[in-house]
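*Asks:* Line by line, the protein sequences give chains E and W. Just so you know, we're using this note's numbering here: the first sequence kicks off at 44 and counts up by one. Just so you know, we're using this note's numbering here: the second sequence kicks off at -17 and counts up by one.
Treat the hints loosely; a few may be bogus.
What the hints assert, rightly or not - Over the 12 Å line for every Cβ pair with chain W, so calculated as not near, a few chain E residues:
{"#": "1", "residue": "64"}
{"#": "2", "residue": "66"}
{"#": "3", "residue": "106"}
{"#": "4", "residue": "176"}
{"#": "5", "residue": "187"}
{"#": "6", "residue": "203"}
{"#": "7", "residue": "225"}
{"#": "8", "residue": "230"}
{"#": "9", "residue": "233"}
{"#": "10", "residue": "299"}
{"#": "11", "residue": "353"}
{"#": "12", "residue": "383"}
{"#": "13", "residue": "399"}
Claimed, not checked - In silico DSSO-like pairs for lysine-lysine, Cα to Cα no more than 27 Å straight-line:
{"#": "14", "chain 1": "W", "residue 1": "8", "chain 2": "E", "residue 2": "75"}
{"#": "15", "chain 1": "E", "residue 1": "46", "chain 2": "W", "residue 2": "34"}
{"#": "16", "chain 1": "W", "residue 1": "16", "chain 2": "E", "residue 2": "75"}
{"#": "17", "chain 1": "W", "residue 1": "29", "chain 2": "E", "residue 2": "244"}
{"#": "18", "chain 1": "W", "residue 1": "16", "chain 2": "W", "residue 2": "65"}
As the list claims (entries may be wrong) - Covered stretches of chain E, going by a simulated chain W footprint (3 or more residues, C-beta under 8 Å):
{"#": "19", "region": "235 to 245"}
{"#": "20", "region": "259 to 268"}
Derived from the structure by calculation, the hints contain no laboratory data. Using N, Cα and C, we set each Cβ at its ideal position, and we do this for glycine too.
Residue strings, one per chain:
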Amino acid sequence: MIKVPFGPQHPALKEPENFTFEIDGDIVVAVKPRIGYNHRGIEKAFEQRTYIQNLYLAERICGICSDAHTTCYTQAVESLLGVEAPPRARYIRVIVAELERIHSHSLWLGIAAHEIGFDTLFLYYWRDREVVMDLLESISGNRVHYAMNTIGGVRRDISPEKVSMIKKGLDFLEERMKRYIEMMKTDQTVLKRTEGVGVLKRRDAIDLCAVGPTLRASGVKNDVRADDPYAAYDEIPFNVVTHDGGDVLSRILVRCEEILESIEITRYALDHMPKGMTRVRVPMAVPPGETVSRVEAPRGELIHYAKSNGTARPERYKVRSPTLGNIPALCKMLIGCHVADIPIILAGIDPCFACMDRMTFIDLSNGDEWVWTMQELRRRYRND
Amino acid sequence: MDENEVLKELKTRLGDAVIEAEVPRKRRIFVKVKVESFRESARFLVKELGFKHISTITGVDLGDSIELIYHLAYQGSIELSLKVDLPKREPKISTITDLIPGATLYEREVHDLLGVVFEGHPDLSPLLLPEKWPKGIHPLRKEYSLESIRKTLFKG
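In isolation and in its complexed conformation, chain E is listed as follows:
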């Protein structure tokens, strides 16, 4: 029995995190995760900033699902203020959220293809992902941090010209995705590396509180969009995609089919967007109160808790991103796997460590920006 450290720097990890594996021969018998390498102190930082400044902070919790975090944040503040975003804004939130899901899932599919050594497919996925990135850029002006949400609505409208442009992009993506699904189901390279690999049983997925596509790939039909609808999801028909395999292949198929659903949702929202304003003016002062806001981010259930105290800054702000929710399930699916399958199983939950960790020290006190120098870092971590 030997212990193998995996990360914080490892070619299969796109971000720094550490897993210690106990290995018997080629089989993993125990896993211990150690997270925190990306912890940026965001919850503490929320307490030091005003509600408007926090909008920018929320946007930057994650570089992939930035819109999910601001949707969750603005919903929380709107609920504290007792205001509601106008109907058109709620539809625009859905459109951006679904385009973001398409981009995030395509990004992941590419990474999954790379982890199983299928780099041709990786490049195909990422080439097609550019189509949705361009759509997001044309709507918001940005590829990643769209800055679409604001407290009380959205910052930009979607014009009729944009609507037809988005639809054209969606047609292309749909045709490609249908072809990929056929391919993923039949290609031996994909099947041999993913079928029966990293199995998470339905029972374990529920007990370990897995979320998002990881949960749905184990046959559990839970999706915040359907179960606890927000924005305009209660007015839009869609299916919650599930698969029963519980393996990496199921996780791939869930995400592929979710892209098709997202395309349908976006089309419906574009066709049924009510006319009217895109934001309401909100009062500056946030009354004391507390609220829980939830969103189905591309990786699963995202939850924010906010407590206000009547001042311009929140008393407490809590963020739990989907990746943290999936770590116990990930450890479970890694046990019993081959060492060679570790990368694809790890990638299987679509981990986003930047969202998961939320604190270290970039100082904000006195309004000064302050960063540790390399020397200070060395002193801190070597001698203490």
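For this one, chain E is given, so just place chain W on it according to the hints.
*Replies:* Chain W alone, transformed into the frame defined by chain E:
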């Protein structure tokens, strides 16, 4: 079961243990229970009412006490926030990892950042903070400003 039925069940079953309870909107419940009844309340919610999913645990520094908020979900839909107050001098509470194994990392996170001890938790080693983090500094407590944490870290 909708949110009002859940609330009714809770009040009938737990009686005086419930200090505060409200339904601010559809699918949201906030309930505060006495600390000595916490274990029974959690067990009742998880095992009998079917709040099997834990979304996270929030710890809030209230000054003299630390409030823990367990965000539990019923069939992915109703989000119930179960609150309990712990004295700040010695914040201790029984773990719920035996009821919901998925709570393990959330308890460790609160342990790191607010110094709450979860009795019976299998492993409370640091999760987010570095190994050499000074003992007894819980950064999310209100008495620690970023300035004071920085001073402590650099005194050597």
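*Asks:* All hints are to be evaluated individually against the structure, with a verdict given for each.
*Replies:* A quick look at each hint next to the structure:
1. 64: Holds, because the least Cβ-Cβ distance between residue 64 of chain E and chain W comes to about 16 Å, which exceeds 12 Å.
2. 66: holds, 20 Å
3. 106: holds, 20 Å
4. 176: Since the minimum Cβ distance to chain W is about 30 Å, residue 176 of chain E lies beyond 12 Å and the statement holds.
5. 187: Fine: 25 Å to the nearest Cβ keeps residue 187 of chain E off the interface.
6. 203: At about 34 Å from chain W, residue 203 of chain E clears the 12 Å cut-off, so the statement holds.
7. 225: holds, 31 Å
8. 230: holds, 33 Å
9. 233: holds, 30 Å
10. 299: Per Cβ check, residue 299 of chain E is outside 12 Å of chain W; nearest 22 Å; holds.
11. 353: holds, 15 Å
12. 383: holds, 27 Å
13. 399: The claim breaks: residue 399 of chain E does not keep its Cβ more than 12 Å from every Cβ of chain W (closest is about 9 Å).
14. W:8 - E:75: With Cα atoms ~39 Å apart, residue 8 of chain W and residue 75 of chain E exceed 27 Å; violated.
15. E:46 - W:34: Given pair residue 46 of chain E, residue 34 of chain W is violated - Cα atoms ~34 Å apart, limit 27 Å.
16. W:16 - E:75: Since the Cα atoms of residue 16 of chain W and residue 75 of chain E sit roughly 34 Å apart, the hinted pair is violated (cutoff 27 Å).
17. W:29 - E:244: holds, 20 Å
18. W:16 - W:65: holds, 9 Å
19. 235 to 245: violated (count 0)
20. 259 to 268: Coverage by chain W holds here, the residue count being 3 at a Cβ distance below 8 Å.
This entry does not satisfy hints 13, 14, 15, 16 and 19, going by the numbered hints stated previously.
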